[in-house]
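6 protein chains.
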Amino acid sequence: MNGELKNAHAALRLNGFPCKRPENVTADDFFSGLLASPGDTGNAAGSAVTAANVERLPGLNTLGVSMARIDFAPWGVNPLHTHPRATEVIFVLQGTLDVGFVTTANRLYARTVCRGEVFVFPRGLVHYQRNNGGTPAAVISAFNSQLPGTQAVAQTLFGASPAVPTDVLARAFQIDGGLVEAIKSKFPPM
Amino acid sequence: MNGELKNAHAALRLNGFPCKRPENVTADDFFSGLLASPGDTGNAAGSAVTAANVERLPGLNTLGVSMARIDFAPWGVNPLHTHPRATEVIFVLQGTLDVGFVTTANRLYARTVCRGEVFVFPRGLVHYQRNNGGTPAAVISAFNSQLPGTQAVAQTLFGASPAVPTDVLARAFQIDGGLVEAIKSKFPPM
Amino acid sequence: MNGELKNAHAALRLNGFPCKRPENVTADDFFSGLLASPGDTGNAAGSAVTAANVERLPGLNTLGVSMARIDFAPWGVNPLHTHPRATEVIFVLQGTLDVGFVTTANRLYARTVCRGEVFVFPRGLVHYQRNNGGTPAAVISAFNSQLPGTQAVAQTLFGASPAVPTDVLARAFQIDGGLVEAIKSKFPPM
Amino acid sequence: MNGELKNAHAALRLNGFPCKRPENVTADDFFSGLLASPGDTGNAAGSAVTAANVERLPGLNTLGVSMARIDFAPWGVNPLHTHPRATEVIFVLQGTLDVGFVTTANRLYARTVCRGEVFVFPRGLVHYQRNNGGTPAAVISAFNSQLPGTQAVAQTLFGASPAVPTDVLARAFQIDGGLVEAIKSKFPPM
Amino acid sequence: MNGELKNAHAALRLNGFPCKRPENVTADDFFSGLLASPGDTGNAAGSAVTAANVERLPGLNTLGVSMARIDFAPWGVNPLHTHPRATEVIFVLQGTLDVGFVTTANRLYARTVCRGEVFVFPRGLVHYQRNNGGTPAAVISAFNSQLPGTQAVAQTLFGASPAVPTDVLARAFQIDGGLVEAIKSKFPPM
Amino acid sequence: MNGELKNAHAALRLNGFPCKRPENVTADDFFSGLLASPGDTGNAAGSAVTAANVERLPGLNTLGVSMARIDFAPWGVNPLHTHPRATEVIFVLQGTLDVGFVTTANRLYARTVCRGEVFVFPRGLVHYQRNNGGTPAAVISAFNSQLPGTQAVAQTLFGASPAVPTDVLARAFQIDGGLVEAIKSKFPPM
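Protein chains in written order, with the UniProt record's numbering: chain A, 1 to 190; chain B, 1 to 190; chain C, 1 to 190; chain D, 1 to 190; chain E, 1 to 190; chain F, 1 to 190.
No lab work stands behind these hints: they were computed from the structure.
Incorrect hints may have been included.
Taking lysine to any residue and the SDA-like style, the derived pairs with C-alpha atoms no more than 20 Å apart in a straight line are [stated by the list, open to error]:
no. : chain 1 : residue 1 : chain 2 : residue 2
1   : A       : K186      : F       : N106
2   : A       : K184      : A       : A170
3   : C       : K184      : B       : D176
The task is simple: from the sequences and hints, build the whole structure.
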């Protein structure tokens, strides 16, 4: 068969993602085992996000929903971030977490959530989760987007590629350029 | 204070649900403990759905997402049903389930899902979950609606109030009216 | 010319359906004669649905609306079904029908509608129409989706391919497995 | 009881329209007999539009769909107009009509449609229907909005209140002010 | 390289417009210099619209917003028109304009707007802007669509290709056919 | 008249904002002079945002679009921020600006924009504008939301009320708590 044409066929997409012909769809297109195992929290933040979004669970395409699992080492933190395209709701699988989000009126809504409890982070607002105990914690996150996107604030600001200009950061945070450079050095572009 | 006016104020709503003034909102408006405990599965189906939607978690209003917890007794079933306004994604908290949905082309997509695994039920399609083991099972469900609604097919058809006419049911299922009446007797209007 | 490439070009689609270049569009792309003639109601239900949706009326693509015609033999029934992606409004062309839908609170809203009258079936809810007279009847249906989809409840449940497990059906309807098998035999997979 | 407060209660609305408590909803809220009889076509245009939208069929609220009936005297015309918020699909109940719409590229798509045939007028585009025969004609229109709105172009331009400035009209149509005034005199503000 | 396949690749589109691979996107995809210079107002209307929509600013694809610049010669007019898919907000760059729109209830909302002032034209409604002074004027328009579309009413009605039937126009405007022809002669199909 | 009831009436709202009766609407409800004058840039950032959104321009309610004006002192900066509910397009009124946004893949798209040029900041992504010259600069911003909201990142993180926990910030930015406190001291809760 013609390999190039196979590529052309492979390129048929709906909504930016591959769209299978109905006769090729199986139940596995609506299934994921990705969230069954804890992510590796052996990093600076002590947390790991594992996403089951349309990039990995193709049956979500056009359906406007997805899930993720977040694991936390003892005292680990899912650093301050936003999801540009979705509201998030978390359900605590284990452990106890301090969570919060900040509104556009600069109000912080925060509290402690325990196993089995639920908390809402409205669309686009900066938020965080922190394991407040000495044992691992984990949550399941639900999003009303098949591809919510994430901006980890510190990485976005100090580790973008190309870099955000130092004086733009200095002015925003009212710190000097040397300090900006020092923080940038901790966030190598990914 | 004027009680009548208090009523008038109480009636201020957005999107059909109460809308608090910003100064009265607290973190608890975005929190729910409802899903922390298993529902009571001591019923005919051997399952229980506990919903954390906008009716019980007011902070979800306008945000287009909600969660539920479904518990299953050994061999319990969440009977065939639809959600008119949402896609559902489940995450298995414990146990092993047989799950499936039927498309508008009458194709069944079904498989077994285990602890930590994820399955998608597209918007509006008939689906079910069944505990395929002798121990309790539970899942967390996420919906891309703050009020997805549920139609349990058998209750909807045979237990509506007033009743769906017997001959309409007989014709749909190609069974006789006596059998329709017999099934109706098992689904008293709720 | 290269036939394979012609195929590749044929595959250019918008929203999952073919998208013509503007210079090739004609008035006929916005026209359909499909609903002019009654469908063949010589079947068990005594009804026939003829759809003018985006699959057959390509100009509807992206426009979010479509129509269908439903014909009824004397005493014919359009069996209980849902449309996962649309609200339906019917206009009675001829005859008198008994119609109804069931809400998520298990309330049946039903009444008789005559020639020229209109009735609404909200998105995703189970509903039916039944010719309550000895002469043919017909309605025009409008949907706020270019491809509303249909799940005929009995066919979906008892005639899916592969089959919905018998015990899942037995549990849902609180009937025994033999009866489930008997009903299944009347709904051969399509 | 306090009449003023009753007014306040009457003002409880969802989406700008009254929202009944569920216990007060009946099947009649989803029904309309408005379209059963022809409208009075004894006017200059020889046509009459009868709408079954959310203003008259309250059950349509939030459902995003509505219907209308258009009647035509022999040779009657539904004058050039737009619907700012909806695509329209017509089904011809009787008679034969010449119909057309103009795209944003100034292309006219027009043809004749007969009893039982369907034609689509995409959202927001100028269109018309004309009875091309000597007997009455009628169509049913479906819209993907519960309140599509209508701008009859000539009435909008020449019969607005206050009036569109004469020179604005003269410049647009490249006609002199006297002629604008003459046309305005035929469209008294309604 | 295979030219045909390159064509096939060129055809990969999202939402009807080309979709670049992320590695090929640059800041220039989100930039336009098109609105920096006044359009040529040396025409009958004395106005010129320059659009920065998704056709010319590809980074707008899927983002639901666009801009345009409208320039006016002294006493120039942007003739009566609609945007089928967007609300428009204008900001006056220079000069003084008389602006207005007509509602579906045939109400004209009109006033004079000066440099730095803002006015809103709701989605789909007929509107105009007229320079009410002897010096050039200009506005920036924002739309909540990446491709709002425009129907200049007079050109749409009297200059479509093929032409709108003369008697349809005569009936709509209550003028005779000779006058319709005379106006048509001023709007040659574009 | 009854003052309490006047309050009740005042509380009638659509979409969270006051909804006038049609007979009370005037052209001024669609007008704003707020953006005609430069904002006061005599502050630490050297910039000022003046918004014409639904809070101040009531006619925008339900229309999904709004505008703002941003003024910059020489070398002034509109600090890094997001809009949770809108894409932004800017048009440069005067001066020359360095602008940029960071994607969810941590890519910075940045360039210099001059008078009359346009740049797009996609929904929800962190972005900035900086006057790169010694004279004042100004832009007009358009949003596809009537209330886009703004999170100035530094104020959100370091000046929320109550405060985001110091260690959450320290972990996110990989700086020590003393430095967090020092930065917090520059962002008193507003």
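We went through each hint and held it up to the structure:
no.: 1; hint: K186/A with N106/F; verdict: holds, 15 Å
no.: 2; hint: K184/A with A170/A; verdict: holds, 11 Å
no.: 3; hint: K184/C with D176/B; verdict: holds, 15 Å
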